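Start from the sequences and build out the full structure, keeping to the hints where you can.
What follows is the residue order along each chain.
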Amino acid sequence: MGFMKRGGGHEGLLHPHTFLKVILPLGIIIGWEIIAILLNNEFILPRLESVFAVLFSPTADILGYGNLITNAFTSLERVILGFLIAAGLAIPLGISMARSDSTHDFFDSTLQLLRPIPPLAWVPLALAWFKIGLASMVFIIALGAFFPILLNTLDGVKSVKRNWIESAEILGATHRQVLLKVVLPGAAPTIWTGLRVGFGIAWMCVVAAEMMPGTNSGLGYLIMSSYNWGQVQVIIAGMIVIGLIGIGFDYLFKVIDRRSFSWRVLER
Amino acid sequence: MTLTIENLSKQFVKNGEELVEALVDISVDVRDGEFICILGPSGCGKTTLLRIIAGLDHPTSGTVRIDGTVIDRPNRKLGMIFQDYSLYPWRTVNENIAFGLEIQGVVEEERAGIVQKYLALTGLSEFGTSYPYELSGGMRQRIAVVRALAVDPKVLLMDEPFGALDAQTRNKLQYDLLDIWGKTKKTILFVTHSVDEAVFLADRILVLTPRPGRICDVIPVDHPHPRDRTSVEFAKVRRYVLDMINQPKCSLS
Chain E
1 MGFMKRGGGH EGLLHPHTFL KVILPLGIII GWEIIAILLN NEFILPRLES
51 VFAVLFSPTA DILGYGNLIT NAFTSLERVI LGFLIAAGLA IPLGISMARS
101 DSTHDFFDST LQLLRPIPPL AWVPLALAWF KIGLASMVFI IALGAFFPIL
151 LNTLDGVKSV KRNWIESAEI LGATHRQVLL KVVLPGAAPT IWTGLRVGFG
201 IAWMCVVAAE MMPGTNSGLG YLIMSSYNWG QVQVIIAGMI VIGLIGIGFD
251 YLFKVIDRRS FSWRVLER
Chain R
1 MTLTIENLSK QFVKNGEELV EALVDISVDV RDGEFICILG PSGCGKTTLL
51 RIIAGLDHPT SGTVRIDGTV IDRPNRKLGM IFQDYSLYPW RTVNENIAFG
101 LEIQGVVEEE RAGIVQKYLA LTGLSEFGTS YPYELSGGMR QRIAVVRALA
151 VDPKVLLMDE PFGALDAQTR NKLQYDLLDI WGKTKKTILF VTHSVDEAVF
201 LADRILVLTP RPGRICDVIP VDHPHPRDRT SVEFAKVRRY VLDMINQPKC
251 SLS
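Chains as they are written, first to last, in this note's numbering: chain E, 1 to 268; chain R, 1 to 253.
Read the hints as simulated data drawn from the structure, not as lab findings. Model, not experiment: these values are computed from the prediction. Just so you know, not all the hints are guaranteed correct.
Pairwise CB distance ranges (calculated) [claimed, not checked]:
#1 R:Asp72 x E:Ala128: 52 to 58 Å
#2 R:Ala235 x E:Val265: 46 to 52 Å
#3 E:His175 x R:Thr69: 19 to 25 Å
#4 R:Asp166 x E:Ile23: 48 to 54 Å
#5 R:Pro224 x E:Ile256: 53 to 59 Å
#6 R:Val232 x E:His175: 31 to 37 Å
Chain R is faced by these chain E residues, among others (derived, beta-carbon under 8 Å) [said to hold, decoys possible]:
#7 Glu42
#8 Asn163
#9 Trp164
#10 Glu166
#11 Ser167
#12 Gly172
Glycine included, C-beta positions come from ideal geometry on N, C-alpha and C.
What follows is the structure in structure tokens.
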């Protein structure tokens, strides 16, 4: 999508393709500034300059809640922790469910029942079980990341060709070797997609989890508290940082995908 | 090496109840270094036969023995090549050829030498670091053949290996296979539905009936290799085989 360049090469701003891409964001920014000037109310829509002022001094303390960078890192730590826990559970479970029908049947109905429940619906339970703090946030994040990783792992392992496995068996591979040298690398591109989607959802969940009562750091906390003080420019600046970090990680996942797993697309 | 197939039958259950016979009473003594083609129409069970010999499937009755040992699981003395190139797309050509050696715990320095030797056999030495998707179907199948050979099996089982290739590539690979066979002295069991291919390659042709597959004739072809497809002798053998597969004993199940 956004990062895939069609045609390639250096595209100037006047190139029709580039032009089409930037025209809407530019229009939104200009429209925003005009409306902000007309409204002249910082508590509803602040002017661009005040949002940029927050963005361009990321190390400045905001209302005693810490600065943008430390809060962003706090959120990232939480999301990475929850994401790793989710991946650590979902990948082995997905592999064993895909490789064994009885394991699949044992877990499937329960997982199907839990899957449609949005992670945020777990917030009250999380608070009741883990109290206010890191544990309940990590719980919510891990729940959000778990299912996309699980489902893609299942898909990926099922897409491993029988020929690949049998060729290895003929050459004398043990179960362990088949798993490590055929199933895992064969399923890796799809598992990677699951990790990418899972990370995106985990990132959304962390911001929401940080809005839970009793939290005292993180980007979600920062924008929620800014609301209480009527600091709309901080809210918008915080949202922009959330969006940029999300895009950044997604891009990272895509780059690694193209570097390491291009065979999936090229193999025909 | 001795490979004996004794009174082999295979039935399987279809849709939970219906019993389907796939193979009936197959017996063959394969000689060391022999090239056997298993010829039969689609669905006659020839692939099932090969899979049982490979230890990937189990017979309902009867046995397959290699050097006296009953085969009930894959055995290192037997290598197999599938129709659709089963190369690992995430591994380079070299890494694919090295796969079996890796599995069998051959140390890296030793692997490299063996890989180069077998890669040279394919004439694709300059493609060692390429990935399978960069190669044509014929090239991939050549690599699949040497991947199986690299672990030095005594018998090579080939399941319509050239079935997906165009006629020219197919002819070229048949020559190459005979060449490799001559150099390595392997025993080869080669499944095909092409009379032409069987007559070109085989020392003996096992003709199978339509499902359930049973051996209706064993045709020795003792012309020396390489055989000339356009020669009168070749045409004679070919006609003989074609006549045979049209006779009631071979065309009716």
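Falls inside 19 to 25 Å, the C-beta gap from His175 of chain E to Thr69 of chain R?
holds (22 Å)
Hint says 46 to 52 Å; check whether the CB-CB distance for Ala235 of chain R and Val265 of chain E agrees.
holds (47 Å)
Verify the CB-CB distance for Asp72 of chain R and Ala128 of chain E against the hinted window 52 to 58 Å.
holds (56 Å)
For the hint on Trp164 of chain E, does the least C-beta distance to chain R fall short of 8 Å?
Holds - the Cβ of Trp164 of chain E comes within 8 Å of chain R, reaching about 6 Å at its closest.
So does Asp166 of chain R sit 48 to 54 Å from Ile23 of chain E, Cβ to Cβ?
For Ile23 of chain E against Asp166 of chain R, whose Cβ atoms are near 50 Å apart, the range 48 to 54 Å holds.
The hint names Glu166 of chain E as touching chain R; please verify it with the least Cβ-Cβ distance against 8 Å.
Glu166 of chain E check passes; min Cβ-Cβ to chain R is 6 Å, inside 8 Å.
Would the hint on Asn163 of chain E stand, with a C-beta cut-off of 8 Å toward chain R?
holds (4 Å)
Against the range 53 to 59 Å, how does the distance between the Cβ atoms of Pro224 of chain R and Ile256 of chain E compare: consistent or not?
holds (56 Å)
Does Gly172 of chain E pass the interface check with chain R, least Cβ-Cβ distance below 8 Å?
holds (5 Å)
Please check whether Val232 of chain R and His175 of chain E have a Cβ separation lying inside 31 to 37 Å.
violated (55 Å)
Interface hint for Ser167 of chain E, Cβ within 8 Å of any Cβ on chain R:
Since chain R brings a Cβ to about 4 Å from Ser167 of chain E, closer than 8 Å, the hint holds.
Let's test the interface hint: is any C-beta of chain R closer than 8 Å to that of Glu42 of chain E?
Glu42 of chain E check fails; min Cβ-Cβ to chain R is 55 Å, beyond 8 Å.
This entry does not satisfy hints 6 and 7, going by the numbered hints stated previously.
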